[in-house]
Amino acid sequence: MEKGWRETYKEKEFTIDTTKPSEIVVAGFEKLRLPENFKVLDLGCGNGRNSIYAATLGGLVESVDLVDLDFKKDIPEKTSGRISFHEMSVMDFDIKPDEYTAVIASRLFQYLTKSELEVLFGRIKEGLTNEGLVMVSYTASGGIFDKSDIHVLKYKHAIDEIRQTFQNNGLEIVLLEGKSGVATHVPYENPNETYGILIKRKIGA
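To convert, note that position 194 of the sequence shown is 224 in the numbering used here; the numbers rise steadily by one, no gaps.
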């Protein structure tokens, strides 16, 4: 999988043109009470647009992705100093318990298998603080890369399947917006199957 992503970003010179944060991320932070130096985990951070946004709000951000797009070089030092980048698979990252006020997973789920999602959701639940939120955007039809010359594994996950997987892992949906909703559109996706979701830990879970 790593090879496919590296080829996509480096050899095919694919770029993520949007630099605005996902709308579901903006909506999520508006719902949170943010303590000083709150911690954020951005899984599959891509070009860092959501990490940068969280840092500008005062967050200490851990950003994880297979490929380092070196987004920190283009932002002010006071912001980049609040972001720690980890070049690795999200499945290999050690999520500490009760650590994060926000966990961001933008355009990630469609590149993980169902079994990987089950494992990851369990870890995310443990990593959230009691008042924390998970901020998700994903495309149910299987990803944003549909060019014939880009070879990245992608998987289809129906929204009902995702909903059930949340429930299986002690998470509940706070907000679900479908189609044009609160998910920021990027190239090569089907906007009719795009979702923005806010999730929290179930009480007592």
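Among the hints, erroneous ones may be present.
Unchecked claim - Each pair of labels, with its calculated beta carbon distance range:
# : residue 1 : residue 2 : range
1 : Gly111    : Gln194    : 26 to 34 Å
2 : Gly234    : Glu129    : 13 to 21 Å
3 : Lys184    : Asp128    : 31 to 39 Å
4 : Lys108    : Pro65     : 13 to 21 Å
5 : Gly234    : Lys103    : 38 to 46 Å
Claimed, not checked - Below 25 Å or equal to it, Euclidean Cα-Cα: the simulated BS3-like pairs (lysine-lysine) are:
#  : residue 1 : residue 2
6  : Lys184    : Lys108
7  : Lys232    : Lys144
8  : Lys102    : Lys50
9  : Lys232    : Lys69
10 : Lys102    : Lys144
11 : Lys126    : Lys232
12 : Lys50     : Lys184
13 : Lys69     : Lys50
14 : Lys126    : Lys61
15 : Lys144    : Lys108
16 : Lys144    : Lys103
17 : Lys144    : Lys126
18 : Lys61     : Lys103
Rather than coming from a laboratory, the hints here were simulated on the basis of the structure.
All residues carry an ideal CB built from backbone N, CA and C; glycine is no exception.
Hint check:
1. Remark: the range hint 26 to 34 Å for Gly111 to Gln194 is contradicted by a beta-carbon distance near 40 Å.
2. A C-beta distance of roughly 20 Å is found between Gly234 and Glu129, which places it inside the suggested range of 13 to 21 Å.
3. Distance hint check: the CB atoms of Lys184 and Asp128 are about 32 Å apart, consistent with the given range 31 to 39 Å.
4. Checked against the given bound of 13 to 21 Å, the beta carbons of Lys108 and Pro65, roughly 19 Å apart, stay inside it.
5. Checked against the given bound of 38 to 46 Å, the beta carbons of Gly234 and Lys103, roughly 44 Å apart, stay inside it.
6. Using a Cα cut-off of 25 Å, the hinted pair Lys184 and Lys108 is violated, with the two alpha carbons roughly 36 Å apart.
7. Taking the CA atoms of Lys232 and Lys144, the gap is near 21 Å; set against the 25 Å cutoff, the hint holds.
8. For the proposed pair Lys102 and Lys50, the alpha carbon gap of about 15 Å is at most 25 Å, so the pair holds.
9. Proposed proximity of Lys232 and Lys69 is supported: the alpha carbons are some 20 Å apart, at most 25 Å.
10. Straight-line distance between C-alpha atoms of Lys102 and Lys144 comes to about 32 Å, which puts the hinted pair past the 25 Å bound.
11. Proposed proximity of Lys126 and Lys232 is supported: the alpha carbons are some 18 Å apart, at most 25 Å.
12. Distance hint between Lys50 and Lys184 is fulfilled; the C-alpha atoms sit about 24 Å from each other, no more than 25 Å.
13. Our distance criterion of 25 Å between C-alpha atoms is met by Lys69 and Lys50, whose separation comes to about 20 Å.
14. For the hint linking Lys126 to Lys61, the alpha-carbon distance of about 23 Å falls within 25 Å, and the restraint holds.
15. For the given pair, Lys144 sits about 38 Å from Lys108 by alpha-carbon distance, which is inconsistent with the 25 Å threshold.
16. Distance check on the hinted pair: Lys144 and Lys103 sit about 35 Å apart at the alpha-carbon level, beyond 25 Å; violated.
17. Proximity of Lys144 to Lys126 is assessed by CA-CA distance (about 22 Å); at most 25 Å being required, the pair is judged to hold.
18. Distance check on the hinted pair: Lys61 and Lys103 sit about 30 Å apart at the alpha-carbon level, beyond 25 Å; violated.
Checked against the numbered hints given earlier, this structure breaks hints 1, 6, 10, 15, 16 and 18; the rest are met.
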